[in-house]
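Colleague: Protein chains in written order, with the working numbering: chain V, 1 to 367; chain E, 1 to 94; chain W, 1 to 469.
Note that these hints are calculated values from the structure, not bench results.
Be a bit skeptical, because a hint or two may be false.
Claimed, not checked - So the derived label-pair ranges between C-beta atoms look like this:
id: 1; chain 1: W; residue 1: Ser363; chain 2: V; residue 2: Ile163; range: 26 to 34 Å
id: 2; chain 1: W; residue 1: Gly97; chain 2: E; residue 2: Ile18; range: 23 to 31 Å
id: 3; chain 1: W; residue 1: Asp341; chain 2: V; residue 2: Arg214; range: 35 to 43 Å
id: 4; chain 1: E; residue 1: Ile18; chain 2: V; residue 2: Pro227; range: 20 to 28 Å
id: 5; chain 1: E; residue 1: Ser23; chain 2: W; residue 2: Asp457; range: 41 to 49 Å
Stated by the list, open to error - Subject to a maximum C-alpha distance of 35 Å in a straight line, what follows is the list of computed DSBU-like cross-link-like pairs (lysine-lysine):
id: 6; chain 1: V; residue 1: Lys260; chain 2: W; residue 2: Lys430
id: 7; chain 1: W; residue 1: Lys204; chain 2: E; residue 2: Lys74
id: 8; chain 1: W; residue 1: Lys430; chain 2: E; residue 2: Lys74
id: 9; chain 1: W; residue 1: Lys46; chain 2: E; residue 2: Lys13
id: 10; chain 1: V; residue 1: Lys167; chain 2: W; residue 2: Lys283
id: 11; chain 1: W; residue 1: Lys344; chain 2: V; residue 2: Lys167
id: 12; chain 1: W; residue 1: Lys187; chain 2: W; residue 2: Lys211
id: 13; chain 1: E; residue 1: Lys74; chain 2: W; residue 2: Lys101
id: 14; chain 1: W; residue 1: Lys101; chain 2: V; residue 2: Lys129
id: 15; chain 1: W; residue 1: Lys50; chain 2: V; residue 2: Lys246
id: 16; chain 1: W; residue 1: Lys102; chain 2: V; residue 2: Lys129
id: 17; chain 1: W; residue 1: Lys68; chain 2: W; residue 2: Lys106
id: 18; chain 1: V; residue 1: Lys260; chain 2: W; residue 2: Lys238
id: 19; chain 1: W; residue 1: Lys68; chain 2: E; residue 2: Lys74
id: 20; chain 1: W; residue 1: Lys343; chain 2: W; residue 2: Lys68
id: 21; chain 1: V; residue 1: Lys246; chain 2: V; residue 2: Lys348
id: 22; chain 1: W; residue 1: Lys101; chain 2: V; residue 2: Lys246
id: 23; chain 1: E; residue 1: Lys13; chain 2: V; residue 2: Lys246
id: 24; chain 1: W; residue 1: Lys391; chain 2: V; residue 2: Lys154
id: 25; chain 1: W; residue 1: Lys211; chain 2: W; residue 2: Lys238
To be verified - Chain E is nowhere near these chain V residues, computed Cβ spacing over 10 Å in every case:
id: 26; residue: Met1
id: 27; residue: Ile64
id: 28; residue: Arg65
id: 29; residue: Val114
id: 30; residue: Glu121
id: 31; residue: Gly128
id: 32; residue: Glu224
id: 33; residue: Ala226
id: 34; residue: Pro227
id: 35; residue: Gly249
id: 36; residue: Val276
id: 37; residue: Asn320
id: 38; residue: Glu363
id: 39; residue: Gly364
We put the CB at the ideal spot given by N, CA and C, even for glycine.
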Amino acid sequence: MMPIFDIAIIGGGIMGCGAALRLADGGMRPIILEQGDIGQGASGVNAGTLSMQIKRVKLMPYAIRGHEEWQHMGDAVGFHKTGGYTLAFNDREAELLHDRMSMKKEAGANISFVSPKQLNEFEPHLAGKVIAASYCPDDGYANSSLTGQYYRKKIDENGINFIEGFKVTNIRSTSEGYEIASNGRTVVASRILIACGGWSKHIAAMLGVELPIRARINTVSVTERAPRLISGVIGHATGLLTMKQKENGTILIGGGWQGKGRPEEGRGQVSVDSLVPNLQLAKFVLPALSNIRIVRSWTGFEANVPDFYPLAGALPNRDNAFILGCVRGGFTIGPYISKLMGDYILGKEPEMPLFDPARKMEEGKLI
Amino acid sequence: MTDGNNDHILRSKEISFIFDGVSVTGHDGETVAAALLRGGITHLRNAPNSGTPRGMFCIMGACQECVIEIDGRKVEACRTTISEGLVIRRVPDV
Amino acid sequence: MFDAIVIGAGPAGANAAIILSENGLKTALIDEQRDAGGQVWRVKSKSILKAPITEAVEQGDALRDRLKSSNVTAKFNCRVWHIERQENGHWQLSVVGDSEKKLTTKALIIATGAQERVIPVPGWTLPGVFGLAGATALFKEHMMAPMRRTIVAGNGPLLFYVASETLRLGGRVSAVISLNSRMDWLKSLPAMLSNPALIGQGLKWIFTLYKNRIPIYWQHAIKAVEGENTVDGVTICKVDQDWAPVAGTDQYIHGENLCYGQGLMPAVEATRLAGADHHYDEKLGGWVPTIDQWGRTSMSGLYACGDNAGIYGALAAPIRGSLAAEAVCEDAGINLKKRVDSKKLKAAKNFGLAATALTIPRSGLEALITDETEVCRCEGIIRQEIDFEIKTGAQSPNAIKSGTRCGMGPCGGRYCMEAIALITQHRTRKTREEIGLPTARPPLRPVTIDDISDDLDYDDLPIPGVSPL
Ligand SMILES: Cc1cc2nc3c(=O)[nH]c(=O)nc-3n(C[C@H](O)[C@H](O)[C@H](O)COP(=O)(O)OP(=O)(O)OC[C@H]3O[C@@H](n4cnc5c(N)ncnc54)[C@H](O)[C@@H]3O)c2cc1C
Ligand code: FES
Chain V
1 MMPIFDIAII
11 GGGIMGCGAA
21 LRLADGGMRP
31 IILEQGDIGQ
41 GASGVNAGTL
51 SMQIKRVKLM
61 PYAIRGHEEW
71 QHMGDAVGFH
81 KTGGYTLAFN
91 DREAELLHDR
101 MSMKKEAGAN
111 ISFVSPKQLN
121 EFEPHLAGKV
131 IAASYCPDDG
141 YANSSLTGQY
151 YRKKIDENGI
161 NFIEGFKVTN
171 IRSTSEGYEI
181 ASNGRTVVAS
191 RILIACGGWS
201 KHIAAMLGVE
211 LPIRARINTV
221 SVTERAPRLI
231 SGVIGHATGL
241 LTMKQKENGT
251 ILIGGGWQGK
261 GRPEEGRGQV
271 SVDSLVPNLQ
281 LAKFVLPALS
291 NIRIVRSWTG
301 FEANVPDFYP
311 LAGALPNRDN
321 AFILGCVRGG
331 FTIGPYISKL
341 MGDYILGKEP
351 EMPLFDPARK
361 MEEGKLI
Chain E
1 MTDGNNDHIL
11 RSKEISFIFD
21 GVSVTGHDGE
31 TVAAALLRGG
41 ITHLRNAPNS
51 GTPRGMFCIM
61 GACQECVIEI
71 DGRKVEACRT
81 TISEGLVIRR
91 VPDV
Chain W
1 MFDAIVIGAG
11 PAGANAAIIL
21 SENGLKTALI
31 DEQRDAGGQV
41 WRVKSKSILK
51 APITEAVEQG
61 DALRDRLKSS
71 NVTAKFNCRV
81 WHIERQENGH
91 WQLSVVGDSE
101 KKLTTKALII
111 ATGAQERVIP
121 VPGWTLPGVF
131 GLAGATALFK
141 EHMMAPMRRT
151 IVAGNGPLLF
161 YVASETLRLG
171 GRVSAVISLN
181 SRMDWLKSLP
191 AMLSNPALIG
201 QGLKWIFTLY
211 KNRIPIYWQH
221 AIKAVEGENT
231 VDGVTICKVD
241 QDWAPVAGTD
251 QYIHGENLCY
261 GQGLMPAVEA
271 TRLAGADHHY
281 DEKLGGWVPT
291 IDQWGRTSMS
301 GLYACGDNAG
311 IYGALAAPIR
321 GSLAAEAVCE
331 DAGINLKKRV
341 DSKKLKAAKN
351 FGLAATALTI
361 PRSGLEALIT
371 DETEVCRCEG
381 IIRQEIDFEI
391 KTGAQSPNAI
401 KSGTRCGMGP
411 CGGRYCMEAI
421 ALITQHRTRK
431 TREEIGLPTA
441 RPPLRPVTID
451 DISDDLDYDD
461 LPIPGVSPL
């Protein structure tokens with residue numbers, strides 16, 4: 001079969017859709033193949049935090065550009081620049097906060113330290129137990145639920161083909177390219193881009209490529225509408241809490257607490273053993289939460305590799321095959337790094353370096 | 001709500017409680033929803049977003065339309081029993 | 001740790017629990033109501049000191065007595081908010097309203113019963129509009145009928161029960177509006193003849209209405225509920241065979257209450273959260289867990305019985321509870337003498353199916369949901385927004401939910417997802433099975449953080465490794 005598409009993009013998350021837009025812009029004819037709905041993966045269920053303070057130092061320049069992209073998308077994705085605070089409650093956390101934020105500041109983030117008293121003026125509902133805090137005026141959030149709606153519209157407007165409900169079950173490489181099959185349907189393309197988030201390991205394996213991809217199962221919860229309690233995005237020095245109150249009054253609580261399940265087995269499950277401490281921590285930080293009802297908790301798969309840096313580049317040992325994913329804070333960075341990836345596939349020099357999937361990876365340090 | 005010609009139903013003694021600042025009577029041990037309905041009060045809150053008036057609907061604790069506030073907590077009127085002097089607030093519009 | 005836990009203390013669940021404990025299994029029975037009985041045999045409020053004995057009261061009391069003299073650990077006023085399968089195959093329930101926050105069990109029977117199907121029409125959110133099943137809860141728990149005039153509308157047998165019971169309890173009924181035609185009822189009679197006693201009861205309800213000169217509008221629907229802050233009346237119209245409104249047939253009926261509903265659907269949130277396979281079967285009321293004839297689901301150690309496993313009704317429920325108990329015992333290696341009379345079950349099931357058949361949604365219902373109708377009560381999302389979302393590419397309830405917030409509110413989508421599915425079906429011509437359901441998420445009911453956790457000692461917080469720099 002002769003390829004009809006220049007590139008098949010497997011996965012309709014931020015990475016896949018963002019790359020498709022760039023590729024179409026550059027003259028290629030892409031097709032997006034998504035197992036469920038566009039944006040149903042991590043891109044559509046994450047906590048939506050766009051925070052410089054939780055970004056890794058080395059990824060800061062990408063995050064800054066990612067922020068600009070979100071700001072540009074604006075209302076259509078529920079973008080809000082609220083500013084954000086990161087809090088420390090004991091000496092160890094204060095030290096951690098100081099060290100980390102100083103480095104991020106150096107890397108270009110607009111971060112400053114605020115005294116507990118100042119914090120109390122801006123966020124009077126937070127617990128008075130904070131001993132140190134940092135602030136970034138650029139921090140904010142977008143509404144991840146709108147990711148699917150936004151990208152579906154964008155790719156449609158740009159005449160990009162996409163098939164929802166296309167769960168790739170087999171990939172065959174031919175002299176012309178790739179034959180990608182799902183339940184009796186086949187799509188043929190000259191190139192392939194794996195952008196399957198937590199499911200990418202499985203897809204790469206279909207091409208005989210073993211990648212050390214793991215999936216974290218992050219938990220997020222949302223409350224019913226409440227009177228205004230916080231105005232900015234709230235984080236914790238350890239990264240174990242993110243909190244924001246949306247325009248409609250609901251409060252979104254995240255922090256990367258782990259649920260159960262594996263990407264191959266469908267959606268993950270919320271585990272009470274981690275949900276409860278997640279919510280307890282939230283209540284510790286914002287005592288008024290104690291009387292507000294949680295209406296929903298859910299999980300999403302976030303992919304990573306041992307060194308916790310992205311996979312963005314050519315798939316090892318394969319021609320015309322690429323992978324993009326495993327970006328920590330990928331919601332923030334996604335719209336930007338997917339453009340870089342598009343440029344790379346188009347044969348252009350990306351504005352900033354990508355992250356070679358064939359690199360040697362050392363286990364990232366957890367402090 | 002009415003007892004109509006149901007004199008053959010014997011109910012517990014009447015007690016009073018406060019709903020949104022107004023004293024309402026009901027039978028000891030019945031739900032807030034039943035007591036309010038008997039008192040002719042059906043409009044309990046306004047929906048967020050559309051602002052339309054709401055009251056008890058499913059009467060089995062599922063729809064969450066009947067939520068009221070007791071001691072700062074939101075509870076379902078259809079699943080909460082009244083007691084003498086109980087103070088109930090309307091859920092404020094947000 | 002229990003050998004078996006049953007969620008739902010209606011006739012199916014309570015009966016299952018009693019049988020399990022009789023066979024030596026350490027069994028708990030959980031219900032959010034204050035005693036056993038479920039919806040049909042709902043326990044009376046404590047405020048009712050004395051009342052005439054009806055058959056439902058007798059049956060309910062008998063069940064409650066049996067339960068009290070059994071070894072079942074009954075947990076009432078207790079709500080399950082999460083269900084997790086543990087690695088060893090046991091089940092962990094997270095609950096509020098009990099001294100324990102978590103309960104574990106080897107076998108889990110889900111018997112959560114039915115929930116109501118209510119088709120949104122303009123004004124259905126007005127105070128004074130109650131679900132049909134909701135009205136029966138008022139009757140049974142509080143022995144009271146709505147004050148002033150009541151309009152009763154919808155379909156199926158519940159309609160006539162609610163109207164005649166309103167009269168019996170001293171209320172006034174202005175009209176009964178039935179989607180079903182007289183013909184629909186005639187057609188279902190042969191199947192219902194399997195239970196002459198119940199047919200007799202039904203005829204008595206209808207006779208009561210005739211005697212009281214209550215107008216019955218056959219093959220009519222509520223087009224809109226009128227009123228500013230409460231109900232003033234309703235606009236009704238004729239419907240065709242498919243229950244689509246017929247133009248130019250509008251009439252206005254006065255009334256201050258509307259009891260309104262279009263049948264029962266299995267309450268499957270719990271079996272879905274537990275992870276069991278489900279399929280769509282309109283004859284059974286909608287989405288049901290896929291079970292064998294005893295009630296074993298697709299997951300080992302998980303069973304379902306009663307209306308949540310298909311709307312067969314109250315008559316079949318206790319028998320189905322016995323069957324599920326049999327399966328649990330058998331799977332636990334206990335030999336139990338068979339007590340299920342399969343002929344009785346079959347008759348009960350046939351009767352239930354005939355009643356459910358009267359409520360199967362027809363294609364025209366969707367047309368009653370006008371552009372401006374609030375479909376999602378919690379979030380105030382109108383039909384137009386949902387149509388737009390589908391037109392611009394959303395193909396599944398998950399996608400519609402993400403884009404519009406429909407179903408994201410405190411009710412968890414219970415009262416809008418049926419309408420969403422009908423609208424999606426109309427727009428996309430997909431089958432209900434293809435459309436599917438949104439992903440099940442905890443909590444099963446809203447919970448506060450205080451409800452589910454103790455106060456925190458900050459230093460005890462299990463802080464895992466810090467995120468990488
Ligand atoms: C719960 C959670 C909270 C998070 N919070 C934040 C945050 O606050 N801020 C932030 O910046 N980042 C956050 N992240 C990270 C961010 O969401 C992700 O890094 C980013 O969305 C990844 O995008 P993606 O396109 O690679 O993956 P995804 O969005 O997961 O997309 C992959 C797609 O591939 C599809 N797919 C998989 N297998 C197949 C197959 N066989 N055939 C066809 N299609 C297939 C999937 O259905 C999915 O749509 C969070 C992540 C999670 C899970
Ligand atoms: S009326 Fe529905 S929860 Fe009380």
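Colleague: State for each hint whether it applies.
Modeller: Comparing the hints with the structure gives:
Separation of W/Ser363 from V/Ile163 is about 28 Å and conforms to the stated range, judged on CB atoms against 26 to 34 Å. In this structure the hint that W/Gly97 and E/Ile18 lie 23 to 31 Å apart at CB holds, the actual value being about 25 Å. The hint said 35 to 43 Å for the Cβ distance between W/Asp341 and V/Arg214, and at roughly 55 Å that hint is violated. The beta-carbon spacing between E/Ile18 and V/Pro227, approximately 22 Å, falls within the hinted interval of 20 to 28 Å.
For E/Ser23 and W/Asp457, the hinted distance range of 41 to 49 Å is satisfied, since their beta carbons lie about 43 Å from each other. At roughly 32 Å between alpha-carbon atoms, V/Lys260 and W/Lys430 fall within 35 Å of each other, so this suggested pair holds. For the hint linking W/Lys204 to E/Lys74, the alpha-carbon distance of about 42 Å lies beyond 35 Å, and the restraint is violated. Restraint check for W/Lys430 and E/Lys74: not satisfied, since their Cα atoms lie roughly 39 Å apart, outside the 35 Å limit.
About 11 Å separates the Cα atoms of W/Lys46 and E/Lys13, which keeps this hinted pair within 35 Å; it holds. In summary, the hint linking V/Lys167 to W/Lys283 is supported, as the alpha carbons are separated by about 31 Å, within the 35 Å threshold. Using a Cα cut-off of 35 Å, the hinted pair W/Lys344 and V/Lys167 is violated, with the two alpha carbons roughly 46 Å apart. For the hint pairing W/Lys187 with W/Lys211, the CA-to-CA distance comes to about 24 Å; that is within 35 Å, so the pair holds.
The hinted pair formed by E/Lys74 and W/Lys101 meets the criterion: a straight-line CA distance of about 20 Å does not exceed 35 Å. Only pairs whose Cα atoms come within 35 Å are accepted, and W/Lys101 paired with V/Lys129 is accepted, the gap being roughly 28 Å. This hinted pair does not check out: W/Lys50 and V/Lys246 have alpha carbons roughly 51 Å apart, beyond 35 Å. Using a Cα cut-off of 35 Å, the hinted pair W/Lys102 and V/Lys129 holds, with the two alpha carbons roughly 30 Å apart.
Distance hint between W/Lys68 and W/Lys106 is fulfilled; the C-alpha atoms sit about 23 Å from each other, no more than 35 Å. For a cut-off of 35 Å, the pair hint linking V/Lys260 to W/Lys238 is broken: about 52 Å separates their Cα positions. In summary, the hint linking W/Lys68 to E/Lys74 is supported, as the alpha carbons are separated by about 32 Å, within the 35 Å threshold. Restraint check for W/Lys343 and W/Lys68: the C-alpha separation of about 29 Å stays at or below 35 Å, so the hint holds.
Annotation: proposed proximity of V/Lys246 to V/Lys348 is violated, straight-line Cα distance about 39 Å (limit 35 Å). Taken as a hint, the W/Lys101 and V/Lys246 pair is honoured in the structure, with Cα atoms around 30 Å apart against an allowance of 35 Å. The hinted pair formed by E/Lys13 and V/Lys246 fails the criterion: a straight-line CA distance of about 46 Å is larger than 35 Å. Distance check on the hinted pair: W/Lys391 and V/Lys154 sit about 15 Å apart at the alpha-carbon level, within 35 Å; holds.
A threshold of 35 Å between alpha carbons decides the hint, and for W/Lys211 with W/Lys238 the separation of about 24 Å falls inside it, so the pair holds. Non-interface call for V/Met1 relative to chain E: holds, since the shortest CB-CB distance, roughly 51 Å, exceeds 10 Å. For V/Ile64, the condition that its CB be more than 10 Å from all CB atoms of chain E holds, with the nearest at approximately 34 Å. Even its closest Cβ contact with chain E, about 35 Å, leaves V/Arg65 beyond 10 Å, as expected for a residue assigned away from the interface.
With 10 Å as the threshold on Cβ separation, the claim that V/Val114 sits away from chain E holds: the shortest Cβ distance comes to roughly 28 Å. Annotated as non-interface, V/Glu121 keeps its C-beta farther than 10 Å from every C-beta of chain E; the closest such distance is 24 Å. Taking the minimum C-beta to C-beta distance to chain E, about 19 Å, the non-interface status of V/Gly128 holds against the 10 Å cut. Distance check on V/Glu224: its Cβ comes as close as 8 Å (rounded) to a Cβ of chain E, failing to clear the 10 Å threshold; non-interface status is violated.
With a closest Cβ-Cβ approach of about 7 Å to chain E, V/Ala226 is found to fall inside the 10 Å limit, against its non-interface label. Listed as a non-interface residue, V/Pro227 fails to keep its Cβ farther than 10 Å from every Cβ of chain E; the least gap is roughly 6 Å. Taking the minimum C-beta to C-beta distance to chain E, about 5 Å, the non-interface status of V/Gly249 is violated against the 10 Å cut. The non-interface label for V/Val276 is consistent with chain E: the shortest C-beta to C-beta separation is roughly 19 Å, beyond 10 Å.
Once the 10 Å rule is applied to beta carbons, V/Asn320 is consistent with being away from chain E; the minimum gap is 49 Å. With a cut of 10 Å on Cβ distances, V/Glu363 stays outside the contact zone with chain E, its closest approach being about 46 Å. The beta carbon of V/Gly364 is kept farther than 10 Å from every beta carbon of chain E, the shortest such distance being approximately 42 Å.
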